[in-house]
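Starting from the given sequences, assemble the full structure and let the hints guide the process.
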Amino acid sequence: DAGVTQSPTHLIKTRGQQVTLRCSPKSGHDTVSWYQQALGQGPQFIFQYYEEEERQRGNFPDRFSGHQFPNYSSELNVNALLLGDSALYLCASSLERGGAYTEAFFGQGTRLTVV
Amino acid sequence: AQSVTQLGSHVSVSEGALVLLRCNYSSSVPPYLFWYVQYPNQGLQLLLKYTSAATLVKGINGFEAEFKKSETSFHLTKPSAHMSDAAEYFCAVSDHSSGNTGKLIFGQGTTLQVKP
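As given, the protein sequences belong to chains D and C, one line each in that order.
Each residue of the first sequence is one higher than the one before, counting from 31 in my numbering.
Each residue of the second sequence is one higher than the one before, counting from 8 in my numbering.
Incorrect hints may appear among the rest.
Said to hold, decoys possible - Not the full set, but computed from the structure, chain C residues with beta-carbon under 7 angstroms of chain D:
# : residue
1 : P47
2 : F113
3 : G116
4 : Q120
5 : V121
6 : P123
As the list claims (entries may be wrong) - On the chain D side, residues computed to face chain C include the following (Cβ under 8 angstroms):
# : residue
7 : G72
8 : P73
9 : E133
Derived by calculation from the structure, the hints in this document are not laboratory data.
Note that this is a predicted model, so its numbers are computed, not measured.
Glycine included, C-beta positions come from ideal geometry on N, C-alpha and C.
This is the structure:
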């Protein structure tokens, strides 16, 4: 079992550019959540995707958007990058069970640096 | 709204000493509570969780935590620290008020330093 895989592991972008981050969930999982972790901070929830739709969203601007594919993998897109978008972006996957608790598994993250 | 406060951004202990990392939560519904560990340049690994079963929860690597509703606390402990325990620790609460268990709300984190 490969667990949650994210790509790329690191990337550097220039202010104003656009970036796409990718996540493959753990085998058998159908729900993907994205988090932003700034240096020295706890992760902040960006949004969650289930059945190819955004189900919940945190307090992030519309520059942050996402997508979930039929195979449950997901992308996070950030437009018009700002220096403050520099962070570790974490993907977590879980299995929807009608409200019952299921553990979220995290990937290793993508380190985004905006210069 | 739910929130988590971790008391102490840095904790330093000697190898073999007791580890105590503090977490207080705020929740309008019975909470699900979690402790995660993060090693440098890595993702988050679940140490243990409380989901309304036993109030004393045992996790991996010898860690445990006790849910105390009266104190709104979920402190993490380990009787004897190992050098390998040095890492960043996050307390989190799950926002499952809408029926799903997706959104985790994290504290600011506590860096645990273990001295030889």
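Exercise for the section: Provide an ascending list of the numbers of those earlier hints which the structure does not satisfy. Expected result: Violated hints (numbers, rising): 1, 4, 5, 6; every other hint is consistent with the structure.
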